[in-house]
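All chains, please: the whole structure from these sequences, using the hints.
Quick mapping for you: the protein sequence lines, in order, are chains P and H. Just so it is clear: in the first sequence, position 194 is 194 by this note's numbering, and no numbers are missing. In short: position in the second sequence from 1, add 1000, done, that's this note's numbering.
Hints may contain errors.
[Said to hold, decoys possible] When the alpha-carbon atoms are kept at most 20 Å apart in a straight line, the in silico DMTMM-like pairs for lysine to aspartate or glutamate are as follows:
1) P/45 with P/91
2) H/1051 with H/1019
3) H/1324 with H/1219
4) P/306 with P/317
5) H/1324 with H/1227
6) H/1051 with P/241
7) P/45 with P/241
8) H/1051 with P/260
9) H/1051 with P/148
[As the list claims (entries may be wrong)] To be clear about the criterion: a stretch of chain P counts as covered by chain H if any three or more of its residues have a C-beta under 8 Å from a C-beta of chain H, and this derived list gives those stretches:
10) 95 to 107
11) 119 to 126
[Stated by the list, open to error] To give an idea of the chain P side of the interface with chain H (calculated C-beta under 7 Å), a few residues:
12) 111
13) 116
14) 131
15) 138
16) 162
17) 165
18) 172
19) 319
20) 331
21) 333
What the hints contain is simulated information worked out from the structure, not anything from laboratory work. Backbone N, C-alpha and C define an ideal beta-carbon position, used for all residues, glycine too.
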Amino acid sequence: MAQTEIRPRHAELGLVDEDVLAMYRAMLLARAVDERMWLMQRAGKIAFIISGQGHEGAQVAITWPMRKGVDWMAPFYRSIASTMTFGMSAEDIITAHLAKADDVSSGGRQMPGHYGGAPYNIVSLSSPVGTQVLHAVGIAMGAWVRGDDVVAMTSFGEGTSNQGEIHEAMNFAGVHRLPVIFACENNGYAISVPLDRQVGGGSVAARAAGYGMPGVTVDGSDPIACYAAAKEAHERARRGDGPTLIEARVVRLTSHSSDDDQRRYRDPAEVEALKARDPIPAFATELRQIGVLDDVTDERLRAEVKAEVNAASARAEARPEPTTSDAHERVYANPIAGSGTPTPLEPVDGGSH
Amino acid sequence: MAQLNILEAIRSAMDEEMERDERVMVLGEDVGRKGGVFGATEGLWAKYGDKRVLDTPLTEAMIAGAAMGAAVYGLRPIAEMQFADFVYPAFNQIVSEISRIHYRSNGTFSAPMVIRMPYGGGVHGALYHSQSNEAYFTSTVGLKIVAPGTPADAKGLLKSAIRDPDPVMFFEHKKTYRMFKAEVPEGDTVVPIGRAAVARAGHHLSIVCYGYMRTVVLEAAETLAREDGLEAEVIDLRTLRPLDLDTVMTSVAKTGKALVVHEANRFGGFGAEVAAEIAEEGFEHLDGPVTRLAGPEVPGVPYHHNLEDWFMISPARVVDAARKLAAY
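Given below as structure tokens:
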């Protein structure tokens, strides 16, 4: 069968074939981890899960230019593929969802979906939406004050884009041209409320103009387009030209969370139609068209990913559960004895902190 | 020994810490060229530049949230809220984020930062420039709360707060800023967080206070000594969280009577916690009711001077409350 003549876009962006295959594999791995966690939730091993299915193309591609160990990330609750692209392993993610004692995110203290990892420069996430965006801006401010070549990336949904803290963050980043990438993953729904009931004017990216930064809308099911926007944003940030808002139009293939049922508020035909915009088959099709992927490679990658998730799950499940013996610890970095802090008295140090 | 007022002491602490540690920065509204609305950061912008002394937009959530990001990144930010009354837009960042990040990350992240806030009334600031809102924060685990009452404590505690690896909220009573000068030790002297001070020794009753109330209570104590022969022991908590209960209980064990004084309203105020601790831990020592003297149950300090005077805790009111307690 003759290949349709499609020009490979990735080469123009400085990516080689191995890069785009690695991106594809990262998307497959994030999806496989996500699906495994749903199974574990159904099996009663995980109380709650909040999915990133449909967001993987945007997440992998927007994270791709970020330098591990140098740059910083303040993710949100769907950031499975982002955090994995930025260094977290399948085992890290599954361990966190199982809330094991040595979970890198929180040692079993936080709910599933509350990503974080100090070894990876991924800031621990809470539940009130949008707070993390200010943390990314604060990291960028710190880098700017110190003169460090560091970019901070933060992700959030279009529902969260309405929070005041997002606007305070973007305004401040715009004022000082801070090195931040604001990645809005717009899946069209804030739990049950559709975009036209959330965002006046319908565009999150359009808001960037008011804050003195470029706002770019990209098809979140097109990883190469997402990568192109992120690469430019990353370079702009490093040049000192300031922040960028990327609005990736993605699909939410699952309900909001394991506690939600989107059939209550979405037309079945609408949900069915989303599958056509699933970034994984879309990217596979493109990679096949440009001759980077074939059946043999695809099957090999899928088998590798399955084996990796199986092994990661087995190791994660074998990890120890948290015990209450230290539940009272690590409340303060420098505990000082007193009412409410029953910990040994340590002298306030003269300056070594 | 230098003679400084509290404002000068605070400025001097920030200056010395910025000089000592390049990671220390100041951010807030009007803290730069103007030097802050009260002048706390005066001179710092000229000395350290407009990155380390950073004027922010009018966005309190941003000030707190960006300070936390910078702290996580490795800086030691000092965030100024122009008035404690305006901290509420930052409440989510302080309570959901800053206080919790260490615990929720299992100790792998921390937020070494200071939030300075002018609080308190008696300056014709009315409902929105006079609040004593420490109780919203003292009930939040993960924060340390400091409220100094002397220039030496203001300087030494602010230096400790800046160096501390945990978030510290630093309550500065604005009426005390230029109220008096007192000796402040020269050089790099810190006052430890979590230690109360015995501001006046006595044996008839214990009066527990902090911030501006230290000045008010000490004046009342002199009146009690002169007119009644009552020697009040005055405990200045200095740090509200963690609470130095040992110092309080040592005093109460000696006097058998405890009066807790603060300017914030009484119901659910910080004094309720102090009183409850004394009642639980010191029952066998007590020979009078643990008593609170606090601000009235109105939503804020009213403006007109008749009304403001009615609101504020005066030495005369402390004397009255102490006499009633001493009569048991």
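Q: Against the structure, test the hints numbered earlier, and report the numbers of the ones violated in rising order.
A: 7, 8, 12, 16, 19
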